[in-house]
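**Q** Those protein sequences? They're chains A and B, same order as listed. Count the first sequence with our numbering and you get residues 1 to 265, in order. Count the second sequence with our numbering and you get residues 1 to 265, in order.
Bear in mind the hints are in silico, worked out from the structure with no lab data behind them. All clues given are correct.
Note that the list lumps identical chains together, so a pair holds whenever it fits in one copy or between two copies.
Capping the alpha-carbon separation at 30 Å, the derived lysine-lysine pairs in DSSO-like fashion look like this:
{"#": "1", "residue 1": "Lys-71", "residue 2": "Lys-212"}
{"#": "2", "residue 1": "Lys-71", "residue 2": "Lys-119"}
{"#": "3", "residue 1": "Lys-227", "residue 2": "Lys-39"}
{"#": "4", "residue 1": "Lys-251", "residue 2": "Lys-240"}
{"#": "5", "residue 1": "Lys-6", "residue 2": "Lys-156"}
{"#": "6", "residue 1": "Lys-83", "residue 2": "Lys-106"}
{"#": "7", "residue 1": "Lys-164", "residue 2": "Lys-226"}
{"#": "8", "residue 1": "Lys-212", "residue 2": "Lys-25"}
{"#": "9", "residue 1": "Lys-103", "residue 2": "Lys-227"}
Fair warning: this is a prediction, and the values are worked out from it, not measured in the lab.
Chain by chain, the residues run as shown.
Protein chains: 2
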Amino acid sequence: MDSPIKISIIGSGNLATQLGFALHKEGYFISQVYSRSQKNASILSKKLKAEAITDFKKLSKDSSIYIIAVKDDAIESVAKQLKLKDQIVVHTSGSVSMDVLKKYSKNYGVFYPLQTFSKDKQSNFKVIPICIEASNNNTSTTLQYFAKSISSNVQKVNSAQRKKIHLAAVFACNFSNHMYAIAEKLLAKDKLSFDLLKPLIEETANKTINTKPSKAQTGPAIRNDKKTMDAHLKVLLKEKDLQKIYELISKSIVKTKSISPLRSK
Amino acid sequence: MDSPIKISIIGSGNLATQLGFALHKEGYFISQVYSRSQKNASILSKKLKAEAITDFKKLSKDSSIYIIAVKDDAIESVAKQLKLKDQIVVHTSGSVSMDVLKKYSKNYGVFYPLQTFSKDKQSNFKVIPICIEASNNNTSTTLQYFAKSISSNVQKVNSAQRKKIHLAAVFACNFSNHMYAIAEKLLAKDKLSFDLLKPLIEETANKTINTKPSKAQTGPAIRNDKKTMDAHLKVLLKEKDLQKIYELISKSIVKTKSISPLRSK
Chain A
1 MDSPIKISII GSGNLATQLG FALHKEGYFI SQVYSRSQKN ASILSKKLKA
51 EAITDFKKLS KDSSIYIIAV KDDAIESVAK QLKLKDQIVV HTSGSVSMDV
101 LKKYSKNYGV FYPLQTFSKD KQSNFKVIPI CIEASNNNTS TTLQYFAKSI
151 SSNVQKVNSA QRKKIHLAAV FACNFSNHMY AIAEKLLAKD KLSFDLLKPL
201 IEETANKTIN TKPSKAQTGP AIRNDKKTMD AHLKVLLKEK DLQKIYELIS
251 KSIVKTKSIS PLRSK
Chain B
1 MDSPIKISII GSGNLATQLG FALHKEGYFI SQVYSRSQKN ASILSKKLKA
51 EAITDFKKLS KDSSIYIIAV KDDAIESVAK QLKLKDQIVV HTSGSVSMDV
101 LKKYSKNYGV FYPLQTFSKD KQSNFKVIPI CIEASNNNTS TTLQYFAKSI
151 SSNVQKVNSA QRKKIHLAAV FACNFSNHMY AIAEKLLAKD KLSFDLLKPL
201 IEETANKTIN TKPSKAQTGP AIRNDKKTMD AHLKVLLKEK DLQKIYELIS
251 KSIVKTKSIS PLRSK
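Bound-form chain A, shown alone (with noise of 0.2 Å):
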């Protein structure tokens, strides 16, 4: 790009700096990083090239697009700092709606890339699908070649989609990793190896990419095998949450039967 498009970002959580990281590597000038941590500010400017600052006063008027990656309930407060005049303003959240963007600019939007980030693992935005709701026409086509410019995935979604995405992504990812938790607590317990699991982590996720999870079922309650759940029950019984938690999605898992074809071991 020989005049590269100015993006400030706002925050320096995990979202924030893989987004950085992205923007950055595709030739966008990353003016500043906002982050309420001084700490925070500087590591994630310093990556970018970018000016940090702590201090919304400080916050540079010319910049394209405005990106917050705050949390959820912050979003409103850090919009009505801005000042903004018509500049892009989004926001990078699943569950929250575009309008509490309303009153800071006339062009405003969501900018949502599903997936779920650390700081120290680097993401391939490439296949990330990036949910894009905006005000306006105009914004959404800006929104659009933007998005485009980082993600080969990007989808138009209005917000009572995105909450139900969000919700979706909250069972198939938060859920699923508590699960792995909690697998990696009952091994830990008996000084068994976590690693044991990771080819089966692996592979459970795979198979969704070419099988509907609904139709991959396997194990104890899907066969219905009583016998076997209830020995889990009984290893579980110094464990009344785990123990709760083992029954709820084991009935939950023995109910999507009675509508699935049998399946043998």
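Position chain B against the provided structure of chain A, taking the given hints into account.
**A** Only chain B this time, still in chain A's reference frame:
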């Protein structure tokens, strides 16, 4: 192998199929495949260049290893029909005690591949942990050689440990798959494609390779973001079962927070 080792496989399900493929590929001579179903016995035996049998009376008496890969409750009744002398017999179950085979040969054991199998998705056995248990040292040595010939991750594990591993696997695999299935259902209701979640599911699983899941938790529950959790519960208002699951798992995640460092988005 000049004089290939002769194997009999009892069962024709997902595990029997994939284990059969791996053994066949490694040069083992699969002498027979038994199944109650003539069709299933034929399909698998053709692929393994084995004889299909549906009658235990036709079982060849001179295989080196008899692998029982049938449903848990059928293992013992199958073992009883094998009429072995001292040939090695193993079952492949995560949750059944080794001793159900005790009466049927002095050389018995367990050969438990820790993976989820499909008939039509080729498994890479090299990376699959195989948990071995045996009734005596000699059988243990043979089973270890046997397992190491197809996998580079062979573990000696006793029945009690194996049960714990199996329970952990139910959480890590069966329950996480059910979380995917719930996500699939939620998206389908709004005609949204499950494809949207595939990169997220893949990344969540990949994270466990470098980070313990207990340290990788993200989402509203670990942030104790009550506003988002309440909004999600509202979306699930007409899905009482899913609402219960959402609440219970979220609570369980929130509880882990008290012992983990704080996280930002």
